[in-house]
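Please model the complete structure; the sequences and the hints are all you need to start from.
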Amino acid sequence: MNLDSVLEAVSSVRAPPPSAALVAAVHHPVAVRTRVPSREIAALVAMSVPLAFLHAYSNGLRTDLGRVSPAWLVAVGCAWLLAFVAPLVAVMLPARGSVIADPSRVLGSAALVPAFVVVLGITVAGSVQAPNLTNADEVSGIVRCLVSGLEVAAMPFIVAFLALRRAMPVDARAMGAALGGAGGALGGFALHLQCEAGGAVHTGFGHAGAAVVGAVIGYLLVGYLQRSR
Amino acid sequence: MVRHAELMVDYCAGNEAAFRELYALAAPRLLAYLICLARDRSTAEEILQQTFIKLHQSRAAYVRGADPMPWLYTIAHRTFLDEARRRKRSRVEPARTDELPEIAVSFDGGAANEDPYSAEQIAEVLAALDRLPDNQRDALVLTKIQGKSIAEAATILGTTPGAIKLRAHRGYVTLRELLRSTEDER
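Sequences listed follow chains W and F, in order. Letter 11 of the first sequence, counting from 1, is numbered 11 in our numbering, and no numbers are missing. For our numbering, count along the second sequence from 1 and bump the result up by 1000.
Hints in this document: simulated from the structure, not taken from any laboratory. Hints may contain errors.
Which bits of chain F does chain W cover? Going by a derived footprint, with three or more residues having C-beta under 8 Å, they are [unchecked claim]:
#1 1048-1055
#2 1077-1090
#3 1157-1164
#4 1175-1182
For every residue, glycine included, the Cβ atom is placed at its ideal position computed from N, Cα and C.
Okay, structure coming up:
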């Protein structure tokens, strides 16, 4: 037999009419406002960035604000924010004519953004002078910053997930990773404002680590949520 | 697909007739897809109804002007996965009737095509599909049976076009081998 023709024949079916339950559900449907992705992204950024500032302010802004270059502070802050917004756009803004995001863009942002912030943390953000710390202090400082970054990451992750929960592909783990990475990058931004501890190790692991750990948690959490529904 | 988008926009605006037309256009394709996943016509029909109920509940997530079909496929596939998990948890195994797809009819009731294949041959293909790894089966069903492009299948399944191409090719090769070995056994 010709496999291609048989496969084509398999697709020829007659569907039953809508069931009584379906007919009842859609009877006189109420008009709804459909999703506008660009507006959702703008709203999420408008909510999240002030939250990051608030988090940094409530934990105490970095004590060396008067000593570091304002241009450096703003430029590195913008790089963190770019790492927050880029994956949100990749995940929440579908390609023209589609409801679901382009999977290549989602996978790309899920992989590249954590890598970008690690490089940012190690090279640029870590360029301020590191204080002399013992190994134990260094490790506890990294863990403290990592946890603080993840606290900030939670809100945008949850809000974006809820906004997208009905427009996800069959396997949405990459979306989870991209959103987790985005949240972690926002955490890195908040840490940039509140933590003066320099050094490539601290910012590489403690600040950028929030994006890496956020991406891993997002990947696992979305996979778990999809399986356990 | 422009028609699907127009109907979806009208349906979101509260037009019930648009929903009925969308159902008539989309349901046969979705049912064929679900039969390939569930391998049981009555389960597939049940999931089809649930898919459209979920579409109704999720219609606010639609992006105006977009083709709703890939999105509908994801809703159908995830409804199938939810149903399969629910049945596994409650340990209720559907009785596989192996009921076969009916020959398609056009909307005026006439025969849509002349099917040269026996019910037995189609049943063999469905049984062989069931033996493929899930990711290969999904890619193969979408590209070879549903006629979706590689990019559309990638969007529906949430993976890259390269992965879809590879899975569909491997699935096709495995399917051919499975069918050949079935023929040899006879």
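Status of each hint after checking the structure:
no., hint, in the structure
1, 1048-1055, "holds (count 4)"
2, 1077-1090, "holds (count 5)"
3, 1157-1164, "holds (count 5)"
4, 1175-1182, "holds (count 3)"
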